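This is what each chain is made of:
2 protein chains.
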Amino acid sequence: MRYSKIFAKTNKSAPHDADSPNARLLAQAGFINQSMSGVYSYLPLGLRVLNKIKQIVREEMDALGANEILMPALHSKNLYDTTERWDSIDVLFKLKGSGKKEYALGSTHEEVVTPLVKEYVKSYKDLPVAVYQIQDKFRDEPRAKSGLLRGREFSMKDLYSFHLTEEDFNKFYEKSKESYLNVFSRCGLDAVVVEASGGVFSKFSHEFQVKTEYGEDTIFNCKCGFAQNKEIAEVKEDDDCPKCGTGKIQTSKSIEVGNIFPLKNRFTKAFGFKVQGQDGKQTDILMGCYGIGPSRVMGSVVEVHHDDKGIVWPKAIAPFNVHLISIKNKDEAIQEKIMGICQSLHDELNQLGVDVLWDDRENISAGQKFADADLIGNPLRIVVSEKTLADNSVEWKERHESESKLVSTENAVNKIKMFIDAPDNLTSH
Amino acid sequence: MRYSKIFAKTNKSAPHDADSPNARLLAQAGFINQSMSGVYSYLPLGLRVLNKIKQIVREEMDALGANEILMPALHSKNLYDTTERWDSIDVLFKLKGSGKKEYALGSTHEEVVTPLVKEYVKSYKDLPVAVYQIQDKFRDEPRAKSGLLRGREFSMKDLYSFHLTEEDFNKFYEKSKESYLNVFSRCGLDAVVVEASGGVFSKFSHEFQVKTEYGEDTIFNCKCGFAQNKEIAEVKEDDDCPKCGTGKIQTSKSIEVGNIFPLKNRFTKAFGFKVQGQDGKQTDILMGCYGIGPSRVMGSVVEVHHDDKGIVWPKAIAPFNVHLISIKNKDEAIQEKIMGICQSLHDELNQLGVDVLWDDRENISAGQKFADADLIGNPLRIVVSEKTLADNSVEWKERHESESKLVSTENAVNKIKMFIDAPDNLTSH
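Chain order of the listed sequences is X and R.
The working numbering applies: residue 1 is where the first sequence begins, and numbers increase by one.
The working numbering applies: residue 1001 is where the second sequence begins, and numbers increase by one.
Hints are computed from structural coordinates only; laboratory data are not their basis.
Quick caveat, the model's predicted, so the values are computed rather than measured.
By construction, the Cβ of each residue, glycine as well, lies at the ideal position given by its N, Cα and C atoms.
Incorrect hints may have been included.
[To be verified] Residues of chain R placed beyond 12 Å of chain X at every Cβ, according to the derived structure:
no., residue
1, P1072
2, D1140
3, E1141
4, E1213
5, V1235
6, I1420
[Unchecked claim] Below are the DMTMM-like pairs computed for lysine to aspartate or glutamate, each with C-alpha atoms no more than 20 Å apart in a straight line:
no., chain 1, residue 1, chain 2, residue 2
7, R, K1177, R, E1059
8, X, K5, R, D1062
9, R, K1145, R, D1019
10, X, K248, X, E231
11, X, K5, X, E231
12, R, K1177, R, E1102
13, R, K1100, X, D87
14, X, K94, R, E1102
15, R, K1054, X, D360
16, X, K101, R, D1062
17, X, K5, R, E1102
[Stated by the list, open to error] Here are a few chain R residues that sit away from chain X, every Cβ distance over 12 Å (derived from the structure):
no., residue
18, R1024
19, I1069
20, V1129
21, T1165
22, G1247
23, K1281
24, E1403
Just chain X, with the same shape it has in the complex:
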């Protein structure tokens, strides 16, 4: 795609309240635009990243055997009367419509999914059921902050599972941990499974935390894998690890990118969702909920993967695989050759499934184009100029490397394809 045709280019300004790298860099690189505090528009480049993250989440949820559905954001008050949560969810946006009808905006969907699944599950034979949706959620955060990390409207994948037995629930719950770790690892995040508050029903829920200095959570953790959220921690810094016995407990700042929660029969009981078991007795159904915020993942990736020049996207979720730059030449014949080579690279790579963002702008200096490429952060920059033409080459620079090299024009397409297909080699900043 030609950058000249894309709405919303890079710009120097960021929101005055940009209090974190993701808020500043995503705005400057033209990925998001703040509509008001905690509420953003996704611009073309940002929407591409968001959609790639959603697709990874979708693939892992499908592999887990869950069915994708789409529930409404508008919830009737009577659903919350049933679960007695109308007044207890403090971030719930509430509104009145015509005829004095009262609604909430979905901040989570237990109140909608439980009666929905109940309608279709007639017998124990219909269990287990696992359904998920990828949808925008609304939360009346008193203090929205940190760009995409804590917003009032944000993207969420929420999965709900329903089971006949504790054993079946536990099996699914453990399997979901693996799916979650797959999602984060494919998105370039090194997430840790952390024990967190389980509410009134379970000892623990589990959070997926990514360590970074801008995180608003604090976790106590050991190299062996043990980790607890500070809020419930039974350990403190420098304690001996209660799991491995040999490691020392460390403190880390981190961002929560996902959480999973055993709900037992908290919601199924409220909605009278029971089935007749194999033994003929009515049995309470056990439920779990499992959340990942794709927009929060997007913000977290920028927190972890950036440098002083801009974003360094992991390959799997970069807006484009390749950032192609044509350097304008005054000589018409040379200019034509440069544009011809770029067009061929663009078209041949597209045919191989490699996305190319071609900065074809004619009135922008080479220096500005390089700065924009670094800010936007696609994994590979390819430059075609009079100089590279003379060498029958293109200039190759990986975003996380500082050195460039020349690659023969003839071999460029194959080498690029191989590079894009190879695993990432990024480290956190």
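Based on the hints, put chain R in the right spot on chain X.
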């Protein structure tokens, strides 16, 4: 995909207020579930259809040169203060958040898109701009009705274009009509371009109407293509057509599936969105808005394409291309053969990009499976049974035909692929 693994099967019940074929059939076939009046969940089969429609819309918008973005549903009141529409949009859902902050839920996005585009358009050289989003909209309809046709929360593609000159605007506006007709025709709808009220600025806007007895609109139209909405009609039934002069004006009931609207400088002026033109003078920017409701398209297709047995989906938006049925046999060896053939068909067709819904349920009668296939409405039903095995064949029945035939198992995959790739041959009910 195996039907046994899909959440939400067909069921006999429909919402008590199901007042139209789409409300009844989509609920019974397991495509949607009513959460409350005018608010629905999309079940796995329904979400597939909705996503196919959205993808067709996306392709046509991209071909028009528009950029996809995603704007928030939560709008700040001050945007509506700027355009003086806070009190004039009668279907606007309004809410108060913490700190007494007032919001509206997006029923349309002029208030968000205009200041957004203004931020990135610095000069006349940046024009024209066309951006669109596919997002859920909220409207406080006093009387939600007709299933997906008039809801309180529904899917919308809204496109906005910005132009320096009237000429450029007109060119784009006419081009958008073609894109819209492409969308509807690809979705199996025969839409008519209808002149409608232009508001205070233009003589006309244009609606895209599909004729059907359940429509809530009335249009006056002639065979030559002339059509006006009753609300603004300058003609009446049996008048001579003012366009062709020879035809007679007819009355038709219809459903509005899209509309396009010249907004002149109504919103750009309110937000002070001007640019310096080539002549150095500050110029008002002209704007258009263009809407299609993918969920309303889905409902409209069912209104037009169904029979007394169920839905008859056009190929392009059917949840699956093929409905494969295995008929359970008591003889273990025969049953194994039947399941083996079904598995091969399923896998080979999937590899060719043909979606297969395989009704593999073992405890469901053949008659019930046939009834479900008709209700769900995929374009082609293939049955494998002891009887077809004996003929080295499968049974082939197109959804809109009443007769079935046998096709040799060997040729089935190729014939199915050819059938799915061929154009539809549906007529409205």
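Hint-by-hint comparison with the structure:
1. P1072: Contrary to the label, P1072 of chain R does not stay out of reach of chain X, its closest Cβ about 5 Å off (not over 12 Å).
2. D1140: violated, 5 Å
3. E1141: Violated, because the least Cβ-Cβ distance between E1141 of chain R and chain X comes to about 8 Å, which does not exceed 12 Å.
4. E1213: holds, 28 Å
5. V1235: holds, 35 Å
6. I1420: holds, 23 Å
7. R:K1177 / R:E1059: holds, 15 Å
8. X:K5 / R:D1062: Holds - the C-alpha atoms of D1062 of chain R and K5 of chain X are around 11 Å apart, at most 20 Å.
9. R:K1145 / R:D1019: Since the Cα atoms of K1145 of chain R and D1019 of chain R sit roughly 7 Å apart, the hinted pair holds (cutoff 20 Å).
10. X:K248 / X:E231: holds, 19 Å
11. X:K5 / X:E231: violated, 49 Å
12. R:K1177 / R:E1102: violated, 37 Å
13. R:K1100 / X:D87: holds, 17 Å
14. X:K94 / R:E1102: Since the Cα atoms of K94 of chain X and E1102 of chain R sit roughly 12 Å apart, the hinted pair holds (cutoff 20 Å).
15. R:K1054 / X:D360: Roughly 30 Å separates the two Cα atoms, so the pair is violated.
16. X:K101 / R:D1062: violated, 39 Å
17. X:K5 / R:E1102: Violated - the C-alpha atoms of E1102 of chain R and K5 of chain X are around 36 Å apart, more than 20 Å.
18. R1024: holds, 16 Å
19. I1069: Incorrect as stated: the minimum Cβ-Cβ distance to chain X is 6 Å, not above 12 Å.
20. V1129: violated, 6 Å
21. T1165: holds, 19 Å
22. G1247: holds, 42 Å
23. K1281: holds, 22 Å
24. E1403: holds, 34 Å
Of the numbered hints given earlier, the model fails hints 1, 2, 3, 11, 12, 15, 16, 17, 19 and 20; all others are met.
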